[in-house]
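Colleague: Sequence:
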Amino acid sequence: MTLFLPLNSQKMSDRPVRVRFAPSPTGPLHIGGVRTALYNYLFAKKHKGKFLLRIEDTDQKRFVEGAEDYVNDSLNWLGLTVDEGVREGGDFGPYKQSERMDKYAGYAHQLVKDDYAYYAFDTPEELTEMRAKLEANSMSAKYDATSRMSMRNSLTLSEDEVKERLDRGDNYIVRIKLPRNEEIRFQDVIRGWIVFNSSQLDDKVLLKEDGLPTYHLANIVDDHLMEISHVIRGEEWLPSAPLHVILYRYLGWEDTMPKFAHLPLILKPDGKGKLSKRDGDRLGFPVFPIEWKDPKTDEISSGYRESGYLPNAVVNMLALLGWHPSDNQELFDLESLINEFTLERVSKSGAKFDMDKAKWFNHQYLMKATGTEIADMVASQIEPKHTARGDKYLATAIEMLKEKVSFASEILPLGDYFFEAPSAYDEKVQRKKWNADIAGHITNYINSIVEGNMVSASAMEEQLQAYADSKEIGKGMLMQPLRWVVSGQAGGPPIFEMLELIGLEEVSKRLDRAIQKFPV
RNA sequence: GCUCCUAUAGCAUAAUGGUCAGUGCAGUAGGUUUUCAACCUAAAGAUUAGGGUUCAAUUCCCUGUAGGAGUACCA
Numbered sequence: 001m002t003l004f005l006p007l008n009s010q011k012m013s014d015r016p017v018r019v020r021f022a023p024s025p026t027g028p029l030h031i032g033g034v035r036t037a038l039y040n041y042l043f044a045k046k047h048k049g050k051f052l053l054r055i056e057d058t059d060q061k062r063f064v065e066g067a068e069d070y071v072n073d074s075l076n077w078l079g080l081t082v083d084e085g086v087r088e089g090g091d092f093g094p095y096k097q098s099e100r101m102d103k104y105a106g107y108a109h110q111l112v113k114d115d116y117a118y119y120a121f122d123t124p125e126e127l128t129e130m131r132a133k134l135e136a137n138s139m140s141a142k143y144d145a146t147s148r149m150s151m152r153n154s155l156t157l158s159e160d161e162v163k164e165r166l167d168r169g170d171n172y173i174v175r176i177k178l179p180r181n182e183e184i185r186f187q188d189v190i191r192g193w194i195v196f197n198s199s200q201l202d203d204k205v206l207l208k209e210d211g212l213p214t215y216h217l218a219n220i221v222d223d224h225l226m227e228i229s230h231v232i233r234g235e236e237w238l239p240s241a242p243l244h245v246i247l248y249r250y251l252g253w254e255d256t257m258p259k260f261a262h263l264p265l266i267l268k269p270d271g272k273g274k275l276s277k278r279d280g281d282r283l284g285f286p287v288f289p290i291e292w293k294d295p296k297t298d299e300i301s302s303g304y305r306e307s308g309y310l311p312n313a314v315v316n317m318l319a320l321l322g323w324h325p326s327d328n329q330e331l332f333d334l335e336s337l338i339n340e341f342t343l344e345r346v347s348k349s350g351a352k353f354d355m356d357k358a359k360w361f362n363h364q365y366l367m368k369a370t371g372t373e374i375a376d377m378v379a380s381q382i383e384p385k386h387t388a389r390g391d392k393y394l395a396t397a398i399e400m401l402k403e404k405v406s407f408a409s410e411i412l413p414l415g416d417y418f419f420e421a422p423s424a425y426d427e428k429v430q431r432k433k434w435n436a437d438i439a440g441h442i443t444n445y446i447n448s449i450v451e452g453n454m455v456s457a458s459a460m461e462e463q464l465q466a467y468a469d470s471k472e473i474g475k476g477m478l479m480q481p482l483r484w485v486v487s488g489q490a491g492g493p494p495i496f497e498m499l500e501l502i503g504l505e506e507v508s509k510r511l512d513r514a515i516q517k518f519p520v
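Just so you know, we're using the working numbering here: the first sequence kicks off at 1 and counts up by one.
The hints are simulated quantities; they were obtained by calculation from the structure and are not laboratory data.
Bear in mind that the values here come from a model prediction, so they are computed numbers and not experimental data.
There's no promise every hint is true.
Said to hold, decoys possible - The calculated label-pair distances, taken between Cβ atoms and stated as ranges, are:
id	residue 1	residue 2	range
1	517	384	23 to 31 Å
2	326	456	17 to 25 Å
3	381	186	49 to 57 Å
4	347	421	49 to 57 Å
5	210	284	37 to 45 Å
6	132	381	28 to 36 Å
Unchecked claim - When the alpha-carbon atoms are kept at most 30 Å apart in a straight line, the in silico DSSO-like pairs for lysine-lysine are as follows:
id	residue 1	residue 2
7	404	46
8	272	142
9	475	404
10	359	277
Cβ atoms here follow ideal geometry from the backbone N, Cα and C, with glycine treated the same way.
Could you build all of it, start to finish, from the sequences and the hints given here?
Modeller: Below you can see the structure in the form of structure tokens.
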């Protein structure tokens, strides 16, 4: 039997761990991107390494106002601190590709010089024509080893003409010159050996007509210059990974090529496909960490933060979506996540987003949070009536209500009766439990606690027991109507604690109100 | 179409070349509670199909099927 060492046990200490999260500021950060950031962060911290944030904005056409701030705000909300980045600085800056534009073209030209790339002068029309022709002959429409010799580029044109075109300032791009038929393999930390044949790839553009690099070039150059040790990114990059491997080779950087780890995708909870913005709208859960307002359309996409999710819950939920610890523990704070996290325990298969579990996680953290913390979370919902009796009152009310909901945002609406007399009364209780007898008992009881100035829950409870005993009735008979008179609800927090908080004066007013509204 | 990746209950996942395949969520039943929530208990629920390798496969291999991703002068 052959013994295999765990994939990463041997070389992890070779180089300091430096990982990057490299979003492109084209809109709000999707929850899948957030998870990628999280895994990068966890991995970096686990190995006492650095977590970098690099903004990949080489495509100016797709720039979206505010998207970069959004990334920072999101990571910040979740407590994922960036070690090096645009805001944080660092020794490997700038951390925004649009500010490193002087770094890329040179490498592209170097590759041409080394015969690993070439200039291409084809017009878009010519490219379209080429693809159409190839497709018509049921060949794959690729600009590659088999088709490039019939195109207009520095491989087919004479040296003089190429020079003339370049001197003249003709538009050109640089394409990588891939080998015709070569096996390209690399070891993915999560998936093991991945094998491609170069004939399946095409001669990707490295440098665009505007002189700016494409993702592929910029990515490799920056990862190299920033001494990135591990590239942890989504599975959507897997098909272009072999191109990146070749680029490292062609640039002479293969020795320090980072290790790759391609994360599984987060899929729609129902049906098929990658989780998208629309799914959130359709199924009623956020796909974005924090609220996003589209600068062009003013369209608002809801965020976890605004929906009452706690950052810890989101982190925990995301961590477990595609990763699992070695035991059955499920509740983790960031620190214990750092201790436990390993890329080897990331699963290979895509995970459908589980809304119910997300709720459950949030509920767990809501139970741990204090009333004051929750009040801060729902600051935008707070109206004068909520704070009229002080912050402590509000916090206590929230404390009583929090275990009944999954989201902080549900708390205030649920417990409106803590802040003003009920506007609606449960109809079923009225019908079944509200009659002259009961109303009389409730009135007697409330009057007795008011007269006795019984302000504590325990005193009120004892008094109800005593009253029920004296009338030889079960106190259970009175409890729901009592709650109903005060809150209008059929259920809620422990009733005497609720009464204690609301206070005798208000309880008494509510009794009068109920009797007036529902005469018996 | 082509290439690559993936496949354990409704969902997320664990484990194993060999007794009843474990856990959480959801759902079901019961308990507890004035009520709701929480909590406790119980039952139910899965190795994609077909071939191989093997004494033995859910686990390794192949094929099919299904799903996903990629296939831009986007990232």
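Colleague: Do the Cβ positions of residue 210 and residue 284 conform to the proposed distance bound of 37 to 45 Å?
Modeller: The hint (37 to 45 Å, Cβ to Cβ) holds, given that residue 210 and residue 284 are roughly 42 Å apart.
Colleague: For the pair we were handed, residue 404 and residue 46, check the Cα-Cα distance against 30 Å.
Modeller: violated, 36 Å
Colleague: The hint says 49 to 57 Å between residue 347 and residue 421; measuring C-beta to C-beta, is that right?
Modeller: Given range 49 to 57 Å: holds, Cβ gap about 53 Å.
Colleague: Just tell me: holds or violated, for the beta carbon distance of residue 517 and residue 384 against 23 to 31 Å?
Modeller: About 25 Å separates the Cβ atoms of residue 517 and residue 384, which means 23 to 31 Å holds.
Colleague: Between residue 326 and residue 456, does the beta-carbon spacing fit 17 to 25 Å?
Modeller: Violated: the Cβ-Cβ distance is about 49 Å, outside 17 to 25 Å.
Colleague: So if I understand the rule, the pair passes when the alpha-carbon distance is 30 Å or less; does residue 272 with residue 142 pass?
Modeller: holds, 29 Å
Colleague: Against the range 49 to 57 Å, how does the distance between the Cβ atoms of residue 381 and residue 186 compare: consistent or not?
Modeller: holds, 50 Å
Colleague: Note whether the CB distance of residue 132 and residue 381 lies within 28 to 36 Å or breaks it.
Modeller: violated, 58 Å
Colleague: Check whether the Cα positions of residue 359 and residue 277 lie no farther apart than 30 Å.
Modeller: Within the cut-off at roughly 19 Å; holds.
Colleague: Going straight from one Cα to the other, do residue 475 and residue 404 come out at no more than 30 Å?
Modeller: This hinted pair holds, its Cα atoms lying about 24 Å apart.
Checked against the numbered hints above, the structure breaks hints 2, 6, 7 and satisfies the rest.
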